[in-house]
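Peer 1: Residue numbers (the working numbering), protein chains in the order written: chain A, 3 to 109; chain B, 574 to 699.
Since the hints were derived computationally from the structure, they do not count as laboratory data.
Do not take every clue at face value.
[Stated by the list, open to error] Short, incomplete list of chain B residues facing chain A, as computed with Cβ under 8 Å: (1) 586; (2) 621; (3) 686; (4) 694.
Backbone N, C-alpha and C fix where the C-beta goes; we use that ideal spot for every residue, glycine too.
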Amino acid sequence: DIQMTQSPSSLSASVGERVTITCRASQPITTYMNWYLQKAGKAPELLIYGASNLQSGVPSRFSGSGSGTDFTLTISTLQPEDFATYYCQQTYTSPWTFGRGTKVAVK
Amino acid sequence: QITLKESGPTLVKPTQTLTLTCNFSGFSLSSSPVAVGWIRQPPGKALEWLAVIYWNDDKRYSPSLKTRLTITKDTSKSQVVLSMTNMDPVDTATYYCAHEATLLSLGLRYWFFDVWGRGTLVTVSS
Numbered sequence: 003d004i005q006m007t008q009s010p011s012s013l014s015a016s017v018g019e020r021v022t023i024t025c026r027a028s029q030p031i032t033t034y035m036n037w038y039l040q041k042a043g044k045a046p047e048l049l050i051y052g053a054s055n056l057q058s059g060v061p062s063r064f065s066g067s068g069s070g071t072d073f074t075l076t077i078s079t080l081q082p083e084d085f086a087t088y089y090c091q092q093t094y095t096s097p098w099t100f101g102r103g104t105k106v107a108v109k
Numbered sequence: 574q575i576t577l578k579e580s581g582p583t584l585v586k587p588t589q590t591l592t593l594t595c596n597f598s599g600f601s602l603s604s605s606p607v608a609v610g611w612i613r614q615p616p617g618k619a620l621e622w623l624a625v626i627y628w629n630d631d632k633r634y635s636p637s638l639k640t641r642l643t644i645t646k647d648t649s650k651s652q653v654v655l656s657m658t659n660m661d662p663v664d665t666a667t668y669y670c671a672h673e674a675t676l677l678s679l680g681l682r683y684w685f686f687d688v689w690g691r692g693t694l695v696t697v698s699s
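Required output: the full structure, derived from the provided sequences and hints.
Peer 2: See the structure below:
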């Protein structure tokens with residue numbers, strides 16, 4: 003299985019800040035990377051697919067980049083509704099695997 | 574509008590078989606590239622992909638759970654069913670089903686879970 007290592011596991015930030023989350027795959031996955039946001043007690047929501055493609059309806063402050071093994075999710079200007087846990091997922095090869103999550107908390 | 578909803582028991586005993594049903598609407602699982610997957614999340618822990626069934630009846634399972642899982646579809650009822658045998662307390666989790674969409678871009682076919690059900694919490698306890 004491809005292992006997905008997210009960092010940091012948690013971070014504290016203030017509204018308006020720029021936030022960056024990274025995900026590293028244990029082997030190259032080209033751009034088969036998805037990012038999800040999960041608010042407490044809710045189902046995950048798709049943010050980014052194919053490493054850099056913004057899902058319809060997702061605010062443009064979210065962006066994704068990377069290819070191969072190293073990927074980044076960036077929130078350009080953190081909003082109150084962005085405090086949540088973020089997960090990366092590879093779909094290069096089955097079984098699909100998720101990272102362990104990055105919790106973005108209020109500073 | 575695509576919607577999915579999970580249903581099944583909220584409490585199962587160890588060694589029992591869990592059967593979960595995903596009722597969906599807004600798409601057909603009998604035509605065009607599409608899939609429905611199951612993902613679970615133990616309380617306070619990360620997401621874990623379990624299984625997926627494709628429009629063409631192809632199936633994939635998590636290798637670590639493969640011997641315990643069975644996924645099937647009933648396109649006439651717009652349902653996907655996941656069975657997991659020999660349940661254990663460590664299987665206590667919220668179980669989600671999700672619509673897996675696909676898109677072809679620059680020669681690459683991407684798959685992603687774009688719509689999720691609300692999830693159902695299953696507790697395994699005697």
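Peer 1: If a hint holds in the structure, say so; if it does not, say that too.
Peer 2: Right, here's what the structure says about each hint:
Among the interface hints, the one on residue 586(B) is violated; its C-beta lies about 26 Å from the nearest C-beta in chain A, farther than the 8 Å criterion. Among the interface hints, the one on residue 621(B) holds; its C-beta lies about 7 Å from the nearest C-beta in chain A, closer than the 8 Å criterion. For residue 686(B), the interface hint holds, since its Cβ comes within 8 Å of a Cβ in chain A; the closest pair sits about 6 Å apart. About 10 Å separates the beta-carbon of residue 694(B) from the nearest beta-carbon of chain A, more than 8 Å, and the hint is not met.
Hint violations for this structure: numbers 1, 4, all remaining hints satisfied.
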